[in-house]
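Once you've looked at the hints, dock chain B against the given chain A.
So the protein sequences, as listed, match chains A and B. The first sequence: position 190 = 189 (numbering that gives the first Met the number 0), numbered continuously. The second sequence: position 115 = 114 (numbering that gives the first Met the number 0), numbered continuously.
Simulated from the structure, these hints should not be mistaken for lab results. C-beta atoms are modelled at their ideal positions from N, C-alpha and C, and glycine is treated no differently. No false leads were mixed into what you were given.
Quick list of simulated restraints, FRET-style, between CB atoms:
| hint | chain 1 | residue 1 | chain 2 | residue 2 | range |
| --- | --- | --- | --- | --- | --- |
| 1 | A | 195 | B | 41 | 55 to 65 Å |
| 2 | B | 51 | A | 79 | 31 to 41 Å |
| 3 | A | 161 | B | 21 | 13 to 23 Å |
| 4 | A | 111 | B | 101 | 44 to 54 Å |
The list that follows gives simulated cross-link-like pairs (lysine-lysine, DSBU-like), each with its CA atoms no further than 30 Å apart:
| hint | chain 1 | residue 1 | chain 2 | residue 2 |
| --- | --- | --- | --- | --- |
| 5 | B | 156 | A | 37 |
| 6 | A | 80 | A | 5 |
| 7 | A | 37 | A | 80 |
| 8 | A | 188 | A | 48 |
| 9 | A | 80 | B | 11 |
| 10 | B | 102 | A | 37 |
| 11 | A | 5 | A | 141 |
| 12 | A | 141 | B | 156 |
| 13 | A | 186 | B | 102 |
| 14 | A | 188 | A | 143 |
Single-letter residue listing:
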Amino acid sequence: MSQEAKRPGLFRLFITSLLLSLFAFGGGSTIIAMAKRKYVDDLGWISEKEIMDRITLAQAVPGATTINTSILLGYYFRGVKGALICAFATAIPPVVIISAVSGIYFVIRSNTIVTNAMKGMRAGAAALVASVTISLILSLVKRKDWLMTALFAIVFVVIQFVSISTYLILLAGLLVGIVYAVIMAIKAKKGGIDDIR
Amino acid sequence: MIYVDLFLSFMKIGLLTYGGGYSVIPLITETAVRQKGWLTTIEMADMIPISEISPGPFSLNCSTYVGMKMAGPFGSVIASLGFLFPSVVISLILARLFTRLNKFRSTDSVFSALNACILAVLLQSAVHVFTSSVLPGAGIDWIALAICAICFVVLFKFKVSPIFVMIGSCVAGILIYPVFGL
Chain A
0 MSQEAKRPGL
10 FRLFITSLLL
20 SLFAFGGGST
30 IIAMAKRKYV
40 DDLGWISEKE
50 IMDRITLAQA
60 VPGATTINTS
70 ILLGYYFRGV
80 KGALICAFAT
90 AIPPVVIISA
100 VSGIYFVIRS
110 NTIVTNAMKG
120 MRAGAAALVA
130 SVTISLILSL
140 VKRKDWLMTA
150 LFAIVFVVIQ
160 FVSISTYLIL
170 LAGLLVGIVY
180 AVIMAIKAKK
190 GGIDDIR
Chain B
0 MIYVDLFLSF
10 MKIGLLTYGG
20 GYSVIPLITE
30 TAVRQKGWLT
40 TIEMADMIPI
50 SEISPGPFSL
60 NCSTYVGMKM
70 AGPFGSVIAS
80 LGFLFPSVVI
90 SLILARLFTR
100 LNKFRSTDSV
110 FSALNACILA
120 VLLQSAVHVF
130 TSSVLPGAGI
140 DWIALAICAI
150 CFVVLFKFKV
160 SPIFVMIGSC
170 VAGILIYPVF
180 GL
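Bound-form chain A, shown alone:
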């Protein structure tokens, strides 16, 4: 797959991230799920592995995780220009809507049409996040990478019982990853494969 051929135009990138942000109700995981659906499954601009790397990387940056994800994706698609375009496109809908809503919030709060629309969208968001998470888990299992599948399962079980910050989870993953990488690199060297691609 040639990456050049799939490089989206800046305007297309702007419109796509703007729409994703506009319809992402219900928190950070919704927009991440939507981005995976749109960019990987729908448009084929990025592979599943590449997007997952960036979702992970975004967790290490302060601020809103969703904004960080779009910045990293924008950079992947079109360099610094793409990163800035994605940051602004993701930020514009909330800024505009908050400015409008904060004035009329008490009018719309008790409006049944608005609350029903919110309930509907929350249900849709739940389906989106669930479907994307399940498809990511399925592809992890399909790779038959049992060590990483076990790591995933252990972390999931642990965070059900103890509330740990994402940073500590990342730190633990980093330690496991480094040990794993060293073992894999030693194996590869014996097989005569260089670490540099």
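Using the frame of chain A, we list chain B on its own:
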């Protein structure tokens, strides 16, 4: 000047917000309510539901809200830009670094472990998003469960755009809840 003050304060908040979402609340309380007196405690309490019902990231919505209260639409833009500034700078540095590291095969090994951990976090938030929709208070919201189930099947069977799913579930919510007298 209020704009410079807003920008710098939210730049600091953006830099100190880790893990996104609700971790921004104590930071905004400290700065906007206690130190600067920009918001009253009641205005602060309104910020949370308003930021929740608006699309986009919660922490950014909070920044926009405070900026709006303080200095109108332009203030909301300035506060948001301040909040975004550290994100953009740090993300770009990491993106550059990652491109360099990606030349090594070992980076794939490290990231396979990191990705497995983050997938676990993602699954937990999937469970959270699902329960807050289908089990909002006491008992099951059957309509939400039905909408969720239909969307889920559609997402798995068809290559449908996520934006279409959100619009569809919005319309479904508006149409179905009144039928059952809710």
